[in-house]
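Mind docking chain D on chain W? Use the hints.
These protein sequence lines map, in sequence, to chains W and D. Just so we're aligned, residue 1 is where the first sequence starts under full-length UniProt numbering, counting upward by one. Just so we're aligned, residue 1 is where the second sequence starts under full-length UniProt numbering, counting upward by one.
Just so you know, the hints here were simulated from the structure itself, not pulled from any lab data. Where hints are given, some of them may not hold.
All copies of an identical chain are treated as equivalent in the list; a pair is satisfied when it fits inside any one copy or across any two copies.
Derived pair list, reagent style DSS-like, types lysine-lysine, alpha-carbon separation capped at 27 angstroms [said to hold, decoys possible]:
#: 1; residue 1: K591; residue 2: K175
#: 2; residue 1: K282; residue 2: K175
#: 3; residue 1: K544; residue 2: K300
#: 4; residue 1: K253; residue 2: K175
#: 5; residue 1: K107; residue 2: K144
#: 6; residue 1: K124; residue 2: K438
#: 7; residue 1: K8; residue 2: K78
#: 8; residue 1: K446; residue 2: K124
#: 9; residue 1: K124; residue 2: K13
#: 10; residue 1: K491; residue 2: K43
#: 11; residue 1: K354; residue 2: K576
#: 12; residue 1: K446; residue 2: K144
#: 13; residue 1: K611; residue 2: K591
#: 14; residue 1: K60; residue 2: K544
#: 15; residue 1: K611; residue 2: K154
#: 16; residue 1: K436; residue 2: K253
#: 17; residue 1: K124; residue 2: K43
#: 18; residue 1: K393; residue 2: K158
There are 2 protein chains.
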Amino acid sequence: MLIEDRLKELRDKINAKVPAGIVISQVEFEGPELVIYTDEPKKFADQEDLIKVLARDLRKRIVVRPTILEDPETAVTKINAVVPENAGISDIFFDPDTGEVLIEAEKPGVVIGKNGATLREITKNTCWTPKVVRTPPIESSTVKQVRQYLRSIKDDRKAFLRTIGRRIHRDVIAKDHWVRVTTLGCCREVGRAAFLLTTPESKILIDCGEKPGSATSTPYLYVPEISPLSSVDAVVLTHAHLDHCALVPLLFKYGYDGPVYSTPPTRDLAALLQLDYLDVVKKDAGRQPYTSNEVKEYLKHSITLNYGSVTDIAPDIKLTFHNAGHILGSAVAHFHVGDGLYNIAFTGDFNYQKTRLFSPAVSSFPRLEAVFMESTYGGSRDLQPPREEAENKLYEVVNRTIERGGKVVIPAFAVGRSQEVMLALEEGMRKEKIPKVKVYLDGMIKEATAIHTTYPEYLNSDLRNQIFRDGLNPFLAECFVQVDSSELREKVIGGDPCVIVTTSGMLSGGPVMEYLYALAPDERNTLIFVGYQADGTFGRRLQKGWREIPVGNRETMVVRLDIETVDGFSGHSDRKQLMNFVHHLQPRPEKIYTIHGDEGSTIDLASSIYKRYRIETRSPMNLETYRMV
Amino acid sequence: MLIEDRLKELRDKINAKVPAGIVISQVEFEGPELVIYTDEPKKFADQEDLIKVLARDLRKRIVVRPTILEDPETAVTKINAVVPENAGISDIFFDPDTGEVLIEAEKPGVVIGKNGATLREITKNTCWTPKVVRTPPIESSTVKQVRQYLRSIKDDRKAFLRTIGRRIHRDVIAKDHWVRVTTLGCCREVGRAAFLLTTPESKILIDCGEKPGSATSTPYLYVPEISPLSSVDAVVLTHAHLDHCALVPLLFKYGYDGPVYSTPPTRDLAALLQLDYLDVVKKDAGRQPYTSNEVKEYLKHSITLNYGSVTDIAPDIKLTFHNAGHILGSAVAHFHVGDGLYNIAFTGDFNYQKTRLFSPAVSSFPRLEAVFMESTYGGSRDLQPPREEAENKLYEVVNRTIERGGKVVIPAFAVGRSQEVMLALEEGMRKEKIPKVKVYLDGMIKEATAIHTTYPEYLNSDLRNQIFRDGLNPFLAECFVQVDSSELREKVIGGDPCVIVTTSGMLSGGPVMEYLYALAPDERNTLIFVGYQADGTFGRRLQKGWREIPVGNRETMVVRLDIETVDGFSGHSDRKQLMNFVHHLQPRPEKIYTIHGDEGSTIDLASSIYKRYRIETRSPMNLETYRMV
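With the rest of the complex left out, here is chain W (with noise of 0.2 angstroms):
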């Protein structure tokens, strides 16, 4: 069926569902939703559960936008009235080309109002339609630049959006019937994940991200599988971490111009890591694979789904988005393929434990029936302390150190691990299990925490409750400075005992080696490494016990500071947290693929998972193709 066929029979029902009076003026896919524009929205939105009803009985995301829109200043004018005061209103943002405005508030859920009365009382009053979020108690310029940036070229992205839209909603002519998986990187390593779902009629890349320090450092994008790349329909993202997004900006350099999905918090810190990512290569005096232009390029063309949304992205595939605390906006990818016919999920990075910021990963499906599983604590020797234990030694060597007048030094990830050790540290200090000492933060990770407070809702209940049922919210405590400029590095290093939490986490560069080459002479001082360290890195070799390294142009690095491993920090599920992933899974699925981990792991882990539970297992290699059905 013709696509305008297809969306004049879509209108037909929809008339016949919607009650006398309300007149559609327009029914069109945009992105993976069903747009129904009408100049009565107020008569919409009075009838609660229409949208509902149409949704199910299409089987479409449903979203009404109004024909014609409210004067912006009036709207302002007409929602300050409608919204109580104590909703504490930072900000408003119209896009006209959605008919959506943002509303930035302190209590988004005042705006919302009971069951959302309220947003229905500002779409009758304005005809725009209100999206909610709170104020973030950091102000994050990624989100800033971003959001900015997205309303900069709102034409282009509705044109982009329609054809995305009208590319989903394509008839499937294909007559086979089969679901495969490449591998394309990430297999029997860690990096470079890249894997393609494709299906007679769909081709889905998931993520697209660099191996650090190898000289092969891309996935198999040359292959004929993905080739053109044009031809794929649509771009996933499990989380923002570049062995997983780092190179997803490259695809548009060459000829990719679909959509890339990801949850919110995942899209943000994407586009911040890629930036960063340029700049570390052009320090290292390496080749960019490519320029910020392509970095918009990715944000012009990202969609973001929240958890739990299950969401059309090709014509026989339904993605949803599910928890996978590994990082903030991380996701089990479920895809859905056909009518029926086969459910896959694509772990990403995943915890299987509770940490401070995020629940356990969910491990639980409507169908399942394979899942390419992350193993990089595969090995059956690969178990970690329980995070209570690892958090007790931190506070250990953190009182030792502070005791003999000394300095703390931790080199972290900005995103993830630099927040888990902000928060302990934070609870060390309030339930005094540590003396109270600056923590110094430097490197990005102010502006990797301001993007984790800009979703409260993707951090766990608990850390939500302290935030904003007890007020608490402890990336706000006093203890942390962000240090943004040599002068108050200086002075750091010059001061009082405290604790600096730093990049980058490997010691490959970063504000890091500033403070490792004045603090390390001093034996009172303490380096604590809360992260892998690779071969090859700095950090390997500092771990080893190497104590005068050579540093490039600089003189040699003579180290006397105090050298610990606190493991227990990761954001991966340790070997004995997969098993049990596994043992939870529900459905039980019929194979497991295990990647993302070096040779050794994904074949123990593998041989482990059947050995246990009978399911049948792989340890594929790259570019092996394998049938699902």
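Only chain D this time, still in chain W's reference frame:
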């Protein structure tokens, strides 16, 4: 390096090796060969080992051709003057474009002379390069037509060979090293054989067959791995059965323009069977997937290789065919990838026991890491009686039928099975195990037999000795009578007790149906199945015991004749021979993939090989890709 520079370099190296006085006028890649053009082919021919030395040092297949050629008429006189009369020259063909003269003779050895002395004499005297073939005892119209056609397009073909030669010898620029095999058909099923062997540099398609009697009868040629078809470097054909070769001409319809490698008998048998396939499809009112024009394209692009000839078919891949023992010209295709990187064999269909026609399949290779192995009889119960037992049962049934005044009808595939049965019957009569009745051959059997007699070097040594040493060509035995008119068919039906060997093998059309109509109501007659009857075929119904069978728009067939099945004439290895083959594989491979068998057989064989020999095995599905290295 540019190809012109490479040719110049080769020419310099050749000049350095060639004695003074021999002038090299040109050096050119033509198909897989390096052709040296010289004005002094006589002098070249005098240097007995020169070509061998050059081939070894340059690691190329070397052919020497004269720049200027003797006038054909004069050349005929000179050839006749040099070759002893008892050679029995029956015809001489000149191909001015390749500089080759094809001499057909009763005794090729006499034309060749001791260690090729007479051939060198011919080259000296005429400048033409002689190729000698035996005058076939039964003239094959297929072989004649193929040769005539190839001569008629010699200019096109020379251009094609030069293009291919340059393509094969292009520089390898890829830096990655990997070898992959994608299954495009024939996995967990019998039929539509098609496997894609790829490296970063090259793509090779092995076989391209149909799946008889299936709605989805083609391999998965639409997947991106093989797109566009023009990106494929070479097609390699293991043997001429339709489930391996039927759709090779289709490739040319959809843009393939490269070579198709096979043994010489496979080329001719494939063309014969493809044309017959088109006829059958037409008679069944089906849509022909291609026409005889595409069969011609196939012939135009065919390059033949004999067993054991190691041949560059891509910049990083060498192909060697080895005897597979299945049908005339059937080959195990052995691929040597890269400079010692990997060795992989595709068995095609193979027989690991000696038959009347062929030697057992080769199981020893210079190097071998992986094998893709047929599993038609891979199930643990798929055992066949020994050949002698099968023949005795055949004799017994023939005797019983003839004694009671009946006629024996043996439906058989034209290629392979028919000739095996013919030889058994001929020996049975010669050794007086059965009465000397006429054996009528109907359908394509005579033509297929003629092709067998054109290529005696592809038969086993016993049969060759019988033919050449003892002068006893069993195919020429008096008992065999070709039926080539409906009058004669009527006479056979109304005549004396006899044996009728005729197509089709599964009673899915062909002359066998005429015989059956006439002979089925008479209980003195016998129908003997010597081959597998697939589900849904007319043959299978009879085998199951149906005695009244509706036949299209004709009267219901009433079946009173005796129905017997004689197992053991198969061209495939049975389960025991498959295991034996693995046992004797030299060297022992790392991986075995079981293909070309139903799901149960491939899985059973894979698991049994693993259990007995601890070789890693897989039973792939269609549309998978396996990484070899």
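A quick look at each hint next to the structure:
Taking the shortest Cα distances, K591 and K175 sit within 27 angstroms of each other inside one copy (25 angstroms), while across copies they are farther apart (34 angstroms). For a Cα distance limit of 27 angstroms, the shortest separation of K282 from K175 across copies, 25 angstroms, qualifies, whereas the shortest one inside one copy, 49 angstroms, does not. Within a single copy, K544 and K300 get their C-alpha atoms no closer than 45 angstroms, and across copies no closer than 66 angstroms, so neither meets the 27 angstroms cut-off. Within a single copy, K253 and K175 get their C-alpha atoms only as close as 33 angstroms, which misses the 27 angstroms cut-off; across copies the closest is 22 angstroms, which meets it.
When the C-alpha separation of K107 and K144 is checked against a cutoff of 27 angstroms, the pair qualifies only within one copy, where the shortest distance is 19 angstroms, while the shortest distance between copies is 90 angstroms. Taking identical chains as interchangeable, the C-alpha atoms of K124 and K438 are never at most 27 angstroms apart, the minima being 51 angstroms within one chain and 98 angstroms between chains. For the homomeric pair K8 and K78, neither the shortest alpha-carbon distance inside one copy (35 angstroms) nor that between copies (84 angstroms) is at most 27 angstroms. For a Cα distance limit of 27 angstroms, the shortest separation of K446 from K124 qualifies neither inside one copy, at 40 angstroms, nor across copies, at 88 angstroms.
Taking identical chains as interchangeable, the C-alpha atoms of K124 and K13 lie at most 27 angstroms apart only when both belong to the same chain, with a minimum of 24 angstroms there against 88 angstroms between chains. In this assembly of identical chains, K491 and K43 lie within 27 angstroms of each other by CA distance neither inside one copy nor across copies; the values are 62 angstroms within and 90 angstroms between. Only within a single protomer do K354 and K576 lie at most 27 angstroms apart by alpha-carbon distance; the minimum there is 14 angstroms, versus 56 angstroms between protomers. When the C-alpha separation of K446 and K144 is checked against a cutoff of 27 angstroms, the pair qualifies only within one copy, where the shortest distance is 15 angstroms, while the shortest distance between copies is 83 angstroms.
Within a single copy, K611 and K591 get their C-alpha atoms as close as 13 angstroms, and across copies as close as 22 angstroms, so both meet the 27 angstroms cut-off. In this homomeric assembly, K60 and K544 never come within 27 angstroms of each other (Cα to Cα): the closest approach is 56 angstroms inside a single copy and 53 angstroms across copies. For the homomeric pair K611 and K154, neither the shortest alpha-carbon distance inside one copy (54 angstroms) nor that between copies (63 angstroms) is at most 27 angstroms. When the C-alpha separation of K436 and K253 is checked against a cutoff of 27 angstroms, the pair qualifies neither within a copy, at 49 angstroms, nor between copies, at 79 angstroms.
In this assembly of identical chains, the alpha carbons of K124 and K43 lie at most 27 angstroms apart only when taken from the same copy (8 angstroms versus 101 angstroms across copies). Taking CA atoms no more than 27 angstroms apart as the test, K393 paired with K158 passes in neither setting, with 52 angstroms inside one copy and 78 angstroms between copies.
Checked against the numbered hints listed earlier, the structure breaks hints 3, 6, 7, 8, 10, 14, 15, 16, 18; every other hint is satisfied.
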